[in-house]
Amino acid sequence: MDKKERFEKVIEWFKINRPIAESELHYKSPYELIVAVILSAQCTDKRVNLITPGLLQRFPTAEKMAEVEPDEVFEYIKSCSYPNNKAKHLVGMARKLVSDYRGIVPDEVDELVKLPGVGRKTANVVASVVFNKPAMAVDTHVFRVSARIGLSVNSKTPLDTERQLVEYIPEEMVAIAHHWLILHGRYICVARKPKCNECGLQLYCAYFTAQK
0 MDKKERFEKV IEWFKINRPI AESELHYKSP YELIVAVILS AQCTDKRVNL ITPGLLQRFP
60 TAEKMAEVEP DEVFEYIKSC SYPNNKAKHL VGMARKLVSD YRGIVPDEVD ELVKLPGVGR
120 KTANVVASVV FNKPAMAVDT HVFRVSARIG LSVNSKTPLD TERQLVEYIP EEMVAIAHHW
180 LILHGRYICV ARKPKCNECG LQLYCAYFTA QK
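The opening position of the sequence shown corresponds to residue 0 in numbering that gives the first Met the number 0, with each subsequent residue numbered one higher.
It is worth saying that the hints were derived from the structure and are not from the lab. You may find that some hints are simply not true.
Unchecked claim - With a straight-line cut-off of 20 Å between C-alpha atoms, the simulated DMTMM-like cross-links for lysine to aspartate or glutamate are:
#  : residue 1 : residue 2
1  : Lys132    : Glu23
2  : Lys8      : Glu166
3  : Lys95     : Glu71
4  : Lys132    : Glu107
5  : Lys14     : Glu170
6  : Lys77     : Asp44
7  : Lys95     : Glu68
8  : Lys14     : Glu4
9  : Lys3      : Asp99
10 : Lys8      : Glu23
11 : Lys87     : Asp99
Model the full assembly from the supplied sequences, consistent with the hints where possible.
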């Protein structure tokens, strides 16, 4: 099976078996999502969803968060991983939004990455999830699942995986494909022991084929 055919088969399977795939982070606006995604680095979505209601009640806008120092934000997020750094990133991000973007989250990846605490992965998540841009965010799940299935080959970096994925995934499907791969990695193609016996992608998976 060549790479193009593998992509076609995998995409068709997901379209049939997971027609709806969305972020598991709770948010109501681009600002709320960017806050949640910054918090989600090396932290579960479940934990982030417990933290954000209180945090966003206190800081409902970028303007409100920009007014305070990181130690005040820290008190609301200390149960997540790396709270000191994330508090600094959140306040820096908010201040940059206010000073450079009138408090409005930009919709372009090249602008989003200018915000403190926003790397390419976070920028791609925000661009694809709330602005439906064809941006492929490569987190650990996407990186692992793409390599196992054989969608990415000999990829050493998230950026290399991103390039291989967007080359073969139709532009209008990149946003949902991001969620397909994340959710598959979160619940089926898990890191230590993938649940191959529960996976519907066996026929198209390079990893499963190699185990035979």
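Structure-based check of all given hints:
1. Lys132 - Glu23: Roughly 18 Å separates the two Cα atoms, so the pair holds.
2. Lys8 - Glu166: At roughly 15 Å apart (the allowed maximum being 20 Å), Glu166 and Lys8 satisfy the hint.
3. Lys95 - Glu71: holds, 18 Å
4. Lys132 - Glu107: holds, 8 Å
5. Lys14 - Glu170: OK: Lys14 and Glu170 at ~15 Å, within 20 Å.
6. Lys77 - Asp44: Holds. Lys77 to Asp44 sits at ~15 Å (cutoff 20 Å).
7. Lys95 - Glu68: holds, 14 Å
8. Lys14 - Glu4: Distance ~15 Å between Lys14 and Glu4 Cα, so the pair holds.
9. Lys3 - Asp99: With a Cα-Cα distance of about 42 Å, the restraint between Lys3 and Asp99 is violated, given a limit of 20 Å.
10. Lys8 - Glu23: violated, 25 Å
11. Lys87 - Asp99: holds, 18 Å
Comparing the model with each numbered hint stated earlier shows that hints 9 and 10 do not hold.
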